[in-house]
Amino acid sequence: MDRATLITRLRDAVGAGAVYTEPGEVLPYGYDAGFEHHSPDIVVLPRTTEQVQAVVRLANAVGVPVVPRGAGTGLCNGAVPMQGGIVVSLTRMNRVLEIDYRNRRAVVEPGVINLELSQQTLPSGWYYAPDPASQKISSIGGNVATNAGGPHCLAYGVTTNHVLGLEIVLPDGEVVRTGTHGADAPGYDLTGLLVGSEGTLGIVTKVTVRLTRVAEGVRTALASFATIDDASAAVSAIIAAGIVPAALEMMDRLICRALEAAYHVGLPEDAGAVLLAEIDGAEAGLDDTLQTMADLMRRHGAQQVRLAASEAERAALWAARKGAAGAIGRLAPNYYIQDGVVPRTRLPRAMAHVEDVSRRFGIEIANVFHAGDGNLHPALLFDRRHPDQITRIMQAGDEILRMCVDLGGAISGEHGIGFEKKEQMTYAFTPGDLAAMAGLRRTFDPRALFNPDKLLPSGSQCVEITDLRAGAIPAQPKDWF
Numbered sequence: 005m006d007r008a009t010l011i012t013r014l015r016d017a018v019g020a021g022a023v024y025t026e027p028g029e030v031l032p033y034g035y036d037a038g039f040e041h042h043s044p045d046i047v048v049l050p051r052t053t054e055q056v057q058a059v060v061r062l063a064n065a066v067g068v069p070v071v072p073r074g075a076g077t078g079l080c081n082g083a084v085p086m087q088g089g090i091v092v093s094l095t096r097m098n099r100v101l102e103i104d105y106r107n108r109r110a111v112v113e114p115g116v117i118n119l120e121l122s123q124q125t126l127p128s129g130w131y132y133a134p135d136p137a138s139q140k141i142s143s144i145g146g147n148v149a150t151n152a153g154g155p156h157c158l159a160y161g162v163t164t165n166h167v168l169g170l171e172i173v174l175p176d177g178e179v180v181r182t183g184t185h186g187a188d189a190p191g192y193d194l195t196g197l198l199v200g201s202e203g204t205l206g207i208v209t210k211v212t213v214r215l216t217r218v219a220e221g222v223r224t225a226l227a228s229f230a231t232i233d234d235a236s237a238a239v240s241a242i243i244a245a246g247i248v249p250a251a252l253e254m255m256d257r258l259i260c261r262a263l264e265a266a267y268h269v270g271l272p273e274d275a276g277a278v279l280l281a282e283i284d285g286a287e288a289g290l291d292d293t294l295q296t297m298a299d300l301m302r303r304h305g306a307q308q309v310r311l312a313a314s315e316a317e318r319a320a321l322w323a324a325r326k327g328a329a330g331a332i333g334r335l336a337p338n339y340y341i342q343d344g345v346v347p348r349t350r351l352p353r354a355m356a357h358v359e360d361v362s363r364r365f366g367i368e369i370a371n372v373f374h375a376g377d378g379n380l381h382p383a384l385l386f387d388r389r390h391p392d393q394i395t396r397i398m399q400a401g402d403e404i405l406r407m408c409v410d411l412g413g414a415i416s417g418e419h420g421i422g423f424e425k426k427e428q429m430t431y432a433f434t435p436g437d438l439a440a441m442a443g444l445r446r447t448f449d450p451r452a453l454f455n456p457d458k459l460l461p462s463g464s465q466c467v468e469i470t471d472l473r474a475g476a477i478p479a480q481p482k483d484w485f
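Counting the sequence shown from 1 gives a position; the working numbering is that position plus 4.
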């Protein structure tokens with residue numbers, strides 16, 4: 005089948021207005037928020053599971069890659085078509101299909117924006133708990149692909165803890181459904197396997213999610229510290245005391261200055277670090293828990309502890325925190341954000357290492373992260389107009405990820421691996437581990453057509469390889485027609 009015939013059949017399957025082929029039309033679908041750009045050959049925007057199925061079958065007939073895409077907010081080039089092919093954009097599959105409060109669940113299409121689901125359910129006293137900072141613009145399908153987290157996932161868990169079932173189009177075009185509406189299901193946990201698989205095993209076309217009851221009470225506090233070490237010690241003390249806040253976020257001096265300039269919410273610009281802490285639950289006892297938490301903060305060096313006096317102030321503080329990515333633009337033209345994880349007790353060592361990396365590579369690093377679960381988000385500041393700066397920030401970012409693994413952590417907490425960090429998978433997994441993952445991937449996708457060059461490092465299908473990074477092969481766009 006030649007290109008012209010394929011395009012005709014795709015238009016027959018999904019409609020003429022849902023197939024883009026011209027360079028100017030497909031160009032925006034070659035980006036996400038990472039570094040790489042590779043334009044797809046064709047972009048398709050289906051509206052139904054049946055249309056996705058038809059697209060996948062046509063791609064199979066030609067043997068071209070298929071790359072699922074959500075809202076394009078990913079940070080690791082997970083939705084960038086590194087080999088070209090067909091991008092399946094799911095933004096038009098954006099309906100909330102069912103809300104079932106009695107069974108605490110909702111069924112949504114993958115293009116539903118994260119925050120919009122909660123906006124529909126909040127008037128009835130329910131919401132969808134996972135809240136990535138991008139929740140105003142990121143899609144639930146994309147959140148499923150990367151197993152996204154968020155500030156309030158400390159207490160409530162990440163995406164996988166709130167996904168009850170999936171409808172998936174497999175690489176051969178078959179439609180399967182995973183999970184049940186009950187508390188558990190027999191057999192393999194395919195839902196858990198597919199969440200976080202970054203579009204390499206199938207295309208999500210429906211998601212059954214868990215709804216959470218809005219807490220009776222909530223308290224939000226802001227504490228300032230002279231140093232990141234003091235703030236890190238307070239985080240460990242709070243958790244060790246048996247208090248699990250809904251959220252426990254840390255921001256350093258650079259971030260506070262940028263956020264205060266942008267949002268004017270009263271962040272102390274001279275503090276070495278600030279903790280934004282939130283607890284929720286039954287009103288009875290909530291103030292006592294808040295007092296205990298504040299005492300622990302002061303005991304570990306808090307210079308000031310301020311309670312949000314109103315819901316408006318609380319909302320403003322969270323709007324500032326979740327707007328950090330945009331505010332960083334006040335600090336530098338570009339930034340490269342990492343997503344490593346360390347045990348929370350090792351936060352002081354991790355942050356000392358980040359500071360050392362900043363000094364040795366001569367780059368500024370701003371830190372805003374989920375301190376409660378040790379999920380670091382150092383933002384390495386640079387200007388991409390200067391190639392030497394790009395080289396340095398990539399080397400520095402690599403050092404930070406290696407450090408996270410050395411401290412007993414991981415190279416990603418919520419952003420995923422994508423293309424950008426796939427070679428660093430060798431830091432955490434042996435060649436045998438990676439070969440087992442590759443074998444699983446081949447079970448779903450024997451022809452390796454679904455989101456190629458993502459998640460697993462080059463050479464990972466060869467168990468005898470001892471240094472996969474040394475043999476890394478860069479992805480190259482191909483001429484499929």
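No lab work stands behind these hints, which were simulated from the structure alone. No experiment lies behind these values; they were computed from the predicted model shown. Any given hint could turn out to be false.
Claimed, not checked - Simulated crosslink set (SDA-like; lysine to any residue; CA at most 25 Å straight-line):
| id | residue 1 | residue 2 |
| --- | --- | --- |
| 1 | 140 | 19 |
| 2 | 326 | 390 |
| 3 | 140 | 109 |
| 4 | 326 | 264 |
| 5 | 140 | 159 |
| 6 | 210 | 231 |
| 7 | 210 | 174 |
Evaluated hints:
1. For the hint pairing residue 140 with residue 19, the CA-to-CA distance comes to about 29 Å; that exceeds 25 Å, so the pair is violated.
2. With a C-alpha separation of about 29 Å, the suggested pairing of residue 326 with residue 390 is violated against the 25 Å cut-off.
3. Our distance criterion of 25 Å between C-alpha atoms is met by residue 140 and residue 109, whose separation comes to about 21 Å.
4. The suggested pairing of residue 326 with residue 264 holds, with an alpha-carbon distance near 13 Å, which does not exceed 25 Å.
5. Taking the CA atoms of residue 140 and residue 159, the gap is near 21 Å; set against the 25 Å cutoff, the hint holds.
6. For a cut-off of 25 Å, the pair hint linking residue 210 to residue 231 is broken: about 45 Å separates their Cα positions.
7. For the hint linking residue 210 to residue 174, the alpha-carbon distance of about 13 Å falls within 25 Å, and the restraint holds.
Going down the numbered hints, you'll see the structure goes against 1, 2 and 6, while the others check out.
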